[in-house]
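Undergrad: The chain contents come next:
Number of protein chains: 2
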Amino acid sequence: MRVFVPGHVTFFFSPRPEEGGSIGVGACLDKGVIMEAHRGKKRGDLSGIGREVVYYVSKELEGEVHFSGRAQLPFKHGLGMSGALYLSVLLSKSIELGLGKTIEDIGEIAHSLELRRGTGLGDVIAQIRGGIDIRLKAGGPKTGKIEKLLPRKNYRVSIAPLGELETKEVLRSEKVLSRFRSVGEKLLREFLESERDLELAVELSKYFFEKTKLGKLMEMSDEFHRLGDSLDEKGVTWGISMLGKTIVSISRSGIERRVIRKTISRYVKPIECRIDPCGARVI
Amino acid sequence: MRVFVPGHVTFFFSPRPEEGGSIGVGACLDKGVIMEAHRGKKRGDLSGIGREVVYYVSKELEGEVHFSGRAQLPFKHGLGMSGALYLSVLLSKSIELGLGKTIEDIGEIAHSLELRRGTGLGDVIAQIRGGIDIRLKAGGPKTGKIEKLLPRKNYRVSIAPLGELETKEVLRSEKVLSRFRSVGEKLLREFLESERDLELAVELSKYFFEKTKLGKLMEMSDEFHRLGDSLDEKGVTWGISMLGKTIVSISRSGIERRVIRKTISRYVKPIECRIDPCGARVI
Chain A
1 MRVFVPGHVT
11 FFFSPRPEEG
21 GSIGVGACLD
31 KGVIMEAHRG
41 KKRGDLSGIG
51 REVVYYVSKE
61 LEGEVHFSGR
71 AQLPFKHGLG
81 MSGALYLSVL
91 LSKSIELGLG
101 KTIEDIGEIA
111 HSLELRRGTG
121 LGDVIAQIRG
131 GIDIRLKAGG
141 PKTGKIEKLL
151 PRKNYRVSIA
161 PLGELETKEV
171 LRSEKVLSRF
181 RSVGEKLLRE
191 FLESERDLEL
201 AVELSKYFFE
211 KTKLGKLMEM
221 SDEFHRLGDS
231 LDEKGVTWGI
241 SMLGKTIVSI
251 SRSGIERRVI
261 RKTISRYVKP
271 IECRIDPCGA
281 RVI
Chain B
1 MRVFVPGHVT
11 FFFSPRPEEG
21 GSIGVGACLD
31 KGVIMEAHRG
41 KKRGDLSGIG
51 REVVYYVSKE
61 LEGEVHFSGR
71 AQLPFKHGLG
81 MSGALYLSVL
91 LSKSIELGLG
101 KTIEDIGEIA
111 HSLELRRGTG
121 LGDVIAQIRG
131 GIDIRLKAGG
141 PKTGKIEKLL
151 PRKNYRVSIA
161 PLGELETKEV
171 LRSEKVLSRF
181 RSVGEKLLRE
191 FLESERDLEL
201 AVELSKYFFE
211 KTKLGKLMEM
221 SDEFHRLGDS
231 LDEKGVTWGI
241 SMLGKTIVSI
251 SRSGIERRVI
261 RKTISRYVKP
271 IECRIDPCGA
281 RVI
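Line by line, the protein sequences give chains A and B. Note that the first sequence covers residues 1 to 283 in my numbering. Note that the second sequence covers residues 1 to 283 in my numbering.
If you're looking for bench data, these hints aren't it; they were derived computationally from the structure. There could be a bad hint or two in this list.
To be verified - Per label pair, the in silico range of CB-to-CB distance:
no., chain 1, residue 1, chain 2, residue 2, range
1, A, E190, B, E219, 52 to 62 angstroms
2, B, R43, A, G40, 24 to 34 angstroms
3, B, K186, A, S173, 47 to 57 angstroms
4, B, L115, A, S173, 46 to 56 angstroms
Stated by the list, open to error - Below, computed lysine-lysine pairings styled on DSSO-like, alpha-carbon distance capped at 27 angstroms:
no., chain 1, residue 1, chain 2, residue 2
5, B, K216, A, K145
6, A, K168, A, K145
7, B, K137, A, K145
Cβ atoms here follow ideal geometry from the backbone N, Cα and C, with glycine treated the same way.
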């Protein structure tokens with residue numbers, strides 16, 4: 001059985017280690033991980049995905065299957081790809097073997113893996129739902145609380161991946177965590193009290209970035225700052241995906257999209273996608 | 001903005017009036033209501049949908065819009081079309097006017113309308129999620145608890161609509177409600193403890209139908225019983241959608257589908273669809 005799990009950008013978040021996760025706002029992308037589990041004896045092709053981690057994750061469920069799959073977005077760029085990988089491996093296996101698990105059962109295991117491996121704090125619950133997510137209570141899909149905003153049809157998202165970053169490296173210091181916590185909480189409150197749309201969430205990500213001093217922490221390159229300035233000059237709505245060295249721009253017309261593409265292309269090849277309204281599913 | 005909200009079949013349920021809804025198992029269909037809200041001054045076309053109810057529902061949110069839309073399934077057949085209508089009107093309006101409501105905000109209003117108008121007890125929370133739903137705690141999307149099973153890609157659903165039925169007529173008697181409550185609860189427990197797949201849910205709907213004496217209550221026609229017998233003879237997996245005079249058959253191959261189509265066509269024109277994995281969304 002073949003499944004798709006969307007990638008996920010986080011615009012701002014507030015860690016809640018005591019509740020096992022985080023609260024915040026983000027959005028699912030229509031690119032992520034495509035994974036197929038099969039009962040045959042032959043190993044399949046895995047493109048852009050490490051074989052070891054796939055089989056390590058697979059052990060969380062009983063039974064033996066092999067996997068073919070591909071990553072449509074890069075790992076280690078704050079695009080929720082670890083969550084997408086865990087979910088896709090477990091979901092495809094569960095459906096292939098008829099284990100009768102709900103997507104919430106699978107999501108709880110994937111979320112625990114994120115916490116255990118230090119790869120994420122809140123992508124999984126959002127990746128199950130799709131759309132623009134407002135995470136109101138931290139946790140996996142069974143304990144957390146999430147609401148979904150539906151995107152207007154015509155949003156396009158252009159992604160500039162400017163370098164790798166390990167989530168757990170940034171989340172190591174207590175001082176940094178506490179800064180994230182207070183800034184993220186403030187922004188979530190502000191978002192809930194205002195217009196609650198994608199543009200605002202993207203704009204607030206820059207505020208989160210500044211107030212948490214992430215630029216220094218992530219050792220952002222000159223490229224990052226220059227690209228940000230160029231996008232500002234062109235009047236583009238852009239922000240940063242947490243936690244990654246990744247600039248995310250949104251557009252609602254072809255003209256705008258071409259301007260963004262041209263601007264980003266001076267630094268890195270842009271990845272273009274849309275908001276995924278649906279979340280993890282069989283394809 | 002144009003939205004799609006899936007129709008929904010309920011295989012069995014247990015009313016929970018004290019919690020404002022029901023628990024049970026069902027599935028979303030890839031046919032339902034398509035609705036578009038627009039700010040123009042001209043009224044749009046509404047096909048298969050009463051104009052009065054659309055504008056009545058619209059008043060639940062501030063602002064003025066007009067609607068164009070169409071029903072892809074019949075009302076009053078236990079296909080969750082009232083929930084689909086309420087959700088589609090409010091969701092399209094909210095997005096068109098940029099009201100910043102989450103799908104859960106909208107779902108709570110639609111669910112209240114269902115209860116107030118006596119048109120449904122649990123479709124809305126399922127229609128927001130899509131897939132095969134296990135409703136574990138009654139209520140709207142913010143207070144209820146639901147988990148989702150993902151359907152295998154190749155299921156097809158054939159629907160035989162055998163006559164109209166008003167939900168509220170059946171749910172009028174306390175004695176009937178209490179019978180539904182105990183049978184539905186027993187079946188949900190059985191479903192959770194077993195394989196949890198679509199076939200089982202469909203089979204259990206017949207058990208629910210028999211144990212609650214729905215046949216007598218709904219004054220099922222001879223046609224209904226003869227069609228059931230014919231489907232049994234052909235070895236088809238079929239059941240009944242609650243609460244409607246509607247037979248639902250599932251198939252996983254073209255041959256099986258053709259047998260079902262031919263059998264149903266002797267009585268009524270079958271409606272063919274698939275399981276919708278996604279739930280209410282912008283299209």
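Undergrad: A separate judgement is required for each hint: does it hold in the structure or not?
TA: Okay, the hints, checked on the actual structure:
no. : hint                                : result
1   : A:E190 x B:E219: 52 to 62 angstroms : 57 angstroms, holds
2   : B:R43 x A:G40: 24 to 34 angstroms   : 57 angstroms, violated
3   : B:K186 x A:S173: 47 to 57 angstroms : 53 angstroms, holds
4   : B:L115 x A:S173: 46 to 56 angstroms : 50 angstroms, holds
5   : B:K216 x A:K145                     : 42 angstroms, violated
6   : A:K168 x A:K145                     : 24 angstroms, holds
7   : B:K137 x A:K145                     : 15 angstroms, holds
Comparing the model with each earlier hint shows violations of hints 2, 5; every other hint is respected.
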